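Working from the sequences, and respecting the hints, build out all of it.
Protein sequences, first through last, are from chains A and B.
Oh and the first sequence: position 45 is 44 in numbering that gives the first Met the number 0, straight run, nothing missing.
Oh and the second sequence: position 152 is 151 in numbering that gives the first Met the number 0, straight run, nothing missing.
Check each hint, because a few of them may be wrong.
[Stated by the list, open to error] The list that follows gives simulated cross-link-like pairs (lysine-lysine, DSS-like), each with its CA atoms no further than 25 Å apart: (1) B:K8 x B:K225; (2) A:K77 x B:K225; (3) A:K160 x B:K257; (4) A:K155 x A:K39; (5) A:K80 x B:K8.
Keep in mind that the hints were calculated from the coordinates and are not lab data.
Just so it is clear, the structure is predicted and the values come from calculations on it, not from any experiment.
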Amino acid sequence: MNRLLNFLKGKWLGHPLHPILVHVPMAMWPGALIFDLLSKWQIGGNAMVRLSFYAIVFGLLASLLAIPAGVMDWSGIKKEKPAWKIGLYHMILNLLVALLFAINLGLRVQTFREATTVAGVPLLLSILGTALLIGSAYLGGMMTYTYGISVARMSKDKWRKIAEAGGANLPLE
Amino acid sequence: MVKDYLEGKPLRHPLHPMLVHFPIGLFFLSFLFDLASLVFPSQMYLVRDSFYAMLLGAIMALVAAVPGFVDYTDIRNDHPGKRTATAHLILNLIVVGLYGINLGVRSSMLSDPRIRTGPFVLSLVGICLLCASGYLGGRLVYDDGIGVGRHKRHMPPPRDTIHLTVPIPGADGVFVPIMAAQQLRERETLRVEIGGQIMTIAKIENQLFAFQEFCTHRFGPLSEGKFEGFNVQCPWHNSCFDVRTGKVTNGPAKVDLKIFKVERREGKVGILLPRGTKSA
Numbered sequence: 000m001n002r003l004l005n006f007l008k009g010k011w012l013g014h015p016l017h018p019i020l021v022h023v024p025m026a027m028w029p030g031a032l033i034f035d036l037l038s039k040w041q042i043g044g045n046a047m048v049r050l051s052f053y054a055i056v057f058g059l060l061a062s063l064l065a066i067p068a069g070v071m072d073w074s075g076i077k078k079e080k081p082a083w084k085i086g087l088y089h090m091i092l093n094l095l096v097a098l099l100f101a102i103n104l105g106l107r108v109q110t111f112r113e114a115t116t117v118a119g120v121p122l123l124l125s126i127l128g129t130a131l132l133i134g135s136a137y138l139g140g141m142m143t144y145t146y147g148i149s150v151a152r153m154s155k156d157k158w159r160k161i162a163e164a165g166g167a168n169l170p171l172e
Numbered sequence: 000m001v002k003d004y005l006e007g008k009p010l011r012h013p014l015h016p017m018l019v020h021f022p023i024g025l026f027f028l029s030f031l032f033d034l035a036s037l038v039f040p041s042q043m044y045l046v047r048d049s050f051y052a053m054l055l056g057a058i059m060a061l062v063a064a065v066p067g068f069v070d071y072t073d074i075r076n077d078h079p080g081k082r083t084a085t086a087h088l089i090l091n092l093i094v095v096g097l098y099g100i101n102l103g104v105r106s107s108m109l110s111d112p113r114i115r116t117g118p119f120v121l122s123l124v125g126i127c128l129l130c131a132s133g134y135l136g137g138r139l140v141y142d143d144g145i146g147v148g149r150h151k152r153h154m155p156p157p158r159d160t161i162h163l164t165v166p167i168p169g170a171d172g173v174f175v176p177i178m179a180a181q182q183l184r185e186r187e188t189l190r191v192e193i194g195g196q197i198m199t200i201a202k203i204e205n206q207l208f209a210f211q212e213f214c215t216h217r218f219g220p221l222s223e224g225k226f227e228g229f230n231v232q233c234p235w236h237n238s239c240f241d242v243r244t245g246k247v248t249n250g251p252a253k254v255d256l257k258i259f260k261v262e263r264r265e266g267k268v269g270i271l272l273p274r275g276t277k278s279a
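Here you go:
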């Protein structure tokens with residue numbers, strides 16, 4: 000169990016795992032929307048319908064691992080920190096987005112092999128899912144770039160040595 | 000200012016790490032289609048799908064490169080992350096070049112049932128280099144804090160560390176003149192190293208203050224911090240210190256900063272190091 004938790008934190012990699020994995024859904028689902036719009040505008044035909052379908056599948060597969068890794072990172076944040084609440088919204092939104100794309104995929108299974116243009120409801124779900132995803136991803140980015148979550152978590156010994164060599168006051172180890 | 004926009008300051012989030020999701024995801028998708036075409040050659044469309052995913056990935060890679068270059072130029076020249084950043088930049092250029100060639104090779108084979116060896120190998124090499132490069136990019140953020148908290152700052156960060164040697168000590172300590180401090184603008188900083196001691200010199204309310212460069216929490220760079228009143232805020236985890244006393248005014252840091260005396264002697268501004276400081 001402990002080994003699984005450490006795996007999800009990315010210690011073995013020297014890099015948090017969640018921000019690596021999220022590249023896939025973050026690219027696939029807006030990508031699916033682009034392919035949907037192209038098919039809607041009669042560009043690419045069935046190739047775009049298929050691309051959109053597989054993009055949603057690939058995004059969902061990656062999110063199966065990205066979600067537990069993200070929950071793991073979030074559980075390490077103290078509850079009184081502002082980043083805890085942002086992380087909570089980020090998590091709720093992401094779960095909602097994953098659910099929307101799972102429904103979206105379900106609606107496409109029957110038709111994606113032959114259809115030359117995307118249907119109305121799946122297109123709307125792609126638009127809604129992408130919009131929420133961008134909002135949620137922005138919150139995720141805020142956790143890193145404004146609150147420094149996971150920043151210098153694995154490199155703190157390196158920085159301590161640099162600070163020590165630079166004559167800084169240091170906390171006790 | 001264009002640079003501020005490319006650094007994502009109005010958005011309060013760097014642009015490059017947002018945009019790179021697309022080439023990474025799409026190049027992977029393209030590679031999955033290639034693999035699928037080898038396993039299911041009866042499905043006629045996979046080679047074409049791979050091409051379109053790669054094309055969109057390449058377009059987004061070029062878009063992401065622009066703010067990436069700008070972020071690179073903002074890293075201090077002697078920053079430990081600078082070499083990682085250079086490697087990340089060169090690798091990414093190679094990856095984009097490889098995918099450009101790859102697209103050219105594929106454009107005449109869109110109706111093939113399965114991907115040919117040449118473009119498949121190009122994709123395989125591209126994916127491997129992309130993984131390595133993406134990993135380095137992540138290390139820049141999570142190890143070296145590049146781009147973290149940068150949007151909070153009003154002034155550009157110091158380009159270099161100024162290295163000074165300690166002259167012969169006088170009766171009351173060692174006075175080290177710092178020429179560059181004369182031209183500092185409000186809230187601008189210098190990163191100065193004097194005989195191994197690394198400090199930030201900042202101008203606030205037209206006065207100069209000097210304090211240790213490293214935050215006492217996880218040792219973030221205070222010369223790249225944000226100033227509010229007489230407080231400096233660490234760009235990484237937002238610890239605050241009073242620059243006049245070095246005292247912590249807001250956590251997570253618990254230990255106060257070391258501060259240094261700024262003096263003016265014979266028309267020169269400098270740091271007065273305490274007695275007992277060894278000269279070089």
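These are the hints, each one checked on the structure:
With a C-alpha separation of about 13 Å, the suggested pair K8 of chain B and K225 of chain B falls inside the 25 Å cut-off, and the hint holds. Restraint check for K77 of chain A and K225 of chain B: the C-alpha separation of about 24 Å stays at or below 25 Å, so the hint holds. Among the hinted pairs, K160 of chain A with K257 of chain B is consistent with the structure: their alpha-carbon atoms are about 17 Å apart, no more than 25 Å. The suggested pairing of K155 of chain A with K39 of chain A is violated, with an alpha-carbon distance near 50 Å, which exceeds 25 Å.
At roughly 23 Å between alpha-carbon atoms, K80 of chain A and K8 of chain B fall within 25 Å of each other, so this suggested pair holds.
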